[in-house]
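Heads up: the sequence lines are chains V and E, in that order.
Using our numbering, the letters of the first sequence correspond one by one to residues 144 to 314.
Using our numbering, the letters of the second sequence correspond one by one to residues 160 to 734.
Since the hints were made in silico from the structure, they are not lab data.
All values reported here derive from a predicted model rather than from experimental measurement.
Using N, Cα and C, we set each Cβ at its ideal position, and we do this for glycine too.
Treat the hints loosely; a few may be bogus.
[Unchecked claim] Here chain E is said to cover these stretches of chain V; the calculated rule only asks that three of the stretch's residues, wherever they fall, bring their Cβ under 8 Å from a Cβ of chain E: (1) 153 to 160; (2) 229 to 238.
[Stated by the list, open to error] Below are the SDA-like pairs computed for lysine to any residue, each with C-alpha atoms no more than 25 Å apart in a straight line: (3) V:170 / E:282; (4) E:310 / E:348; (5) E:282 / E:428; (6) E:310 / V:170; (7) E:424 / V:200; (8) E:524 / E:428.
[Said to hold, decoys possible] Pairwise CB distance ranges (calculated): (9) E:219 / V:207: 52 to 60 Å; (10) E:280 / V:238: 58 to 66 Å; (11) V:156 / E:366: 20 to 28 Å; (12) E:597 / V:233: 38 to 46 Å; (13) V:234 / E:305: 53 to 61 Å; (14) V:178 / E:364: 53 to 61 Å; (15) E:604 / V:238: 48 to 56 Å.
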Amino acid sequence: MRSMLATGLMLLATGVVMAGSYTVNLKASSERAAVTRLRLALVDDASRIRELEAELRTRARLPEMQRWNDMVLHMAAPQSVQFLHSPVQLASYAAQPNAPQAGGVPSLRYAVTGADGQALPAPIGDAPQTIAYAAPAEAEAGVIKAAFAAPVANALAPAAGTPAPSVADPQ
Amino acid sequence: MASIAPPLPGVLPGDTSGRAPLPGQLAAARTMARQRLALLLLLFLAVPMMLLARLTELAVFEELPEADRSFASAAPPRADIVDRNGVELARTFEAYAVTVEPRRLTSDPRVLATRIAAILTGKSADEIYAELTHRGQFRYISRRVLPGEAKRINDLGEPAIYLRREAERLYPNINLASHVLGYSSDQGKGMVGMEKAFDARLSAPETRGQPLALSIDVRVQQALEHEMRALMVDQSAQGAAGVVLDVNTGEVLAMTSLPDFNPNKPGGSDDASRYNKVTFGGYELGSTFKALTIASALDAGTITSMTKQYDATAPIMMAGFRIRDDHAKNRWLTVPEVFIHSSNIGTARIAMEVGRERQRDMLDKLGFFKPVEIELPERARPLFPPLSNWGQLATMTISYGHGISVTPLHLANAYATLVNGGLYRAPTLLRRGPADVPAGRRVFSQRTSQTIRELLRLVVTNGTGRKANAMGYRVGGKTGTAEKVGGGRYMRGANVTTFAAAFPMDAPRYVLVAMVDDPRGSKATYGFRTAGMVVAPAVANIIQRIGPILGVAPDSSRDLDVSGLVADTTEPVKE
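Can you make the complete structure from the sequences, with help from the hints?
Written out as structure tokens, the structure is:
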């Protein structure tokens, strides 16, 4: 009887081990299939990303940007007088907004010009407003007119107690 | 009749002796049976153990099968080409081609054409109808079709229409840098330009996962192309070319040749458009050679002082030829005057002092006797007189850029050598890291290089190149206007105008050579067709655009000190 019981236990153990192994095998197979699906999805996504990048790059190609600039934006290369060479030079503009600038350099200039040197319309709803902190010097003749939208002008306004900047055409 | 009797109690099965076993025998038989059963069970247990061991081995030690890796790879069929900042210039992606076998068509071609045209917006119904009714066996209706459009065409259900997956090469910037990039064929083989030069590198499975990084900066390329194209149109010229070179590394930052072509549709362009003037076009580049002549004289020691004067009172007559000045001063000229007045007579006399051998040696060191050293397969061999025919007349004419034809890239690299301290480095279209920059070989001395910088700056401040003086960028350069050669002879009234510039001259970083082929004059140049009037203003515009991109900040408070040279000149030049 005991030997029968031992034999039965051994058979049971064998069955359990076999079933367990099969389960592990199934699990491994399903995991492998999932990994394969994930890899395929990654390749597919990478391909789609490449397509989208190519489309973006094609739509935003530099010759097209140039065309928009020539037709609409009229951005020009910055002039040498628009470059600052030291923080002190920058600070001097903020310190004396109405004083003549050293070297005749304008206080603020954008390298943006409209056709025939006219100021561009403001990018937001408010009417364009031009301000001048200082009369530009002769050297600025080649520098174009600066146009600031009202929020920008407000941000540039001097602190309370100081005279308000005159609103005038900088030319 | 025999009958089979049941075994007697105690007789073992199979035992035919009929005798009852002894008690010891019975126990031994049972033990053996139990052992056999145990062995069998052990065998059963061994199988899952083996499976477990194999699973462990697969999970821990085994690598993925090769096939799995290949299908999961995202590497394109052909490597991308990017500029020095990683901006894509060429890339390959999978698209569809819609094809038809017209003879197997089952539906009405007119109706089918209309339905396909509604999907493919780039094609008209008439064009599609022409393909559907073509007498050939196989026709392309459209290529580079998006997957969504391909599916809709497939849903039409016409059995004669096939969709083919193709690896399509896309050049997103269309014509930009087309002569540098070249193009590849439908089969993915590089045909022209860098696509051809690096075909193996771009298509090899081991390397195609990594993009090929060029030395080109696409922003600089765009600025150069835009300005040169505008100039070509304004001048109604036959063509234009330009190149920007880093003088310290030899990297080409931009290279353009106009007219150009769309590498996405190379078949739609003519031969003239596919001709790269920068590396494949040989030109007599005129007075731009004068800087080389003076540099060789400085190195040879025949010019000992900038105050040394040369007789330019009258044209030189030799072997039936007359060497004269376009801006004749009819007096003795100092070296700076010879340069800024672009005196052919003075330069010829300087070259005669230097001599033929030194002149040839200098040109040889600059690589003027062989195709320019660059990766592009399209390279022209320079034209120059053979040694037997290189006499005094050739020495004099070559000194001011006549009688020898080289490519604009030859000239750009020579100017880079002139201003970078005198070191020649082969130009390249591949991005070079700091460790990859070659040491270079010395052609001119450091002192000569410094003097030439001052002379070049003087030409722009006081000479024929004043319109190239982009404020704050300390531009130096030399104009060159030469009669165009066609059919083996000079074409009267047709010029090749060139401007070779470098900036900033106090510490040169970049060389720009711009050339216009046969300018016709315009309102902007008051009808003039000389380099100083035609090319110099465009050079100023280009430098103003690319300077900030390249990190060269304009500074009007700094400049190269040319006061010593100015003292040797008498008057500014009038164009």
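Results of checking the hints against the structure:
{"no.": "1", "hint": "153 to 160", "verdict": "holds (count 5)"}
{"no.": "2", "hint": "229 to 238", "verdict": "violated (count 0)"}
{"no.": "3", "hint": "V:170 / E:282", "verdict": "violated (52 Å)"}
{"no.": "4", "hint": "E:310 / E:348", "verdict": "violated (28 Å)"}
{"no.": "5", "hint": "E:282 / E:428", "verdict": "holds (20 Å)"}
{"no.": "6", "hint": "E:310 / V:170", "verdict": "violated (36 Å)"}
{"no.": "7", "hint": "E:424 / V:200", "verdict": "holds (18 Å)"}
{"no.": "8", "hint": "E:524 / E:428", "verdict": "violated (37 Å)"}
{"no.": "9", "hint": "E:219 / V:207: 52 to 60 Å", "verdict": "holds (54 Å)"}
{"no.": "10", "hint": "E:280 / V:238: 58 to 66 Å", "verdict": "holds (59 Å)"}
{"no.": "11", "hint": "V:156 / E:366: 20 to 28 Å", "verdict": "violated (56 Å)"}
{"no.": "12", "hint": "E:597 / V:233: 38 to 46 Å", "verdict": "holds (41 Å)"}
{"no.": "13", "hint": "V:234 / E:305: 53 to 61 Å", "verdict": "holds (55 Å)"}
{"no.": "14", "hint": "V:178 / E:364: 53 to 61 Å", "verdict": "violated (23 Å)"}
{"no.": "15", "hint": "E:604 / V:238: 48 to 56 Å", "verdict": "holds (49 Å)"}
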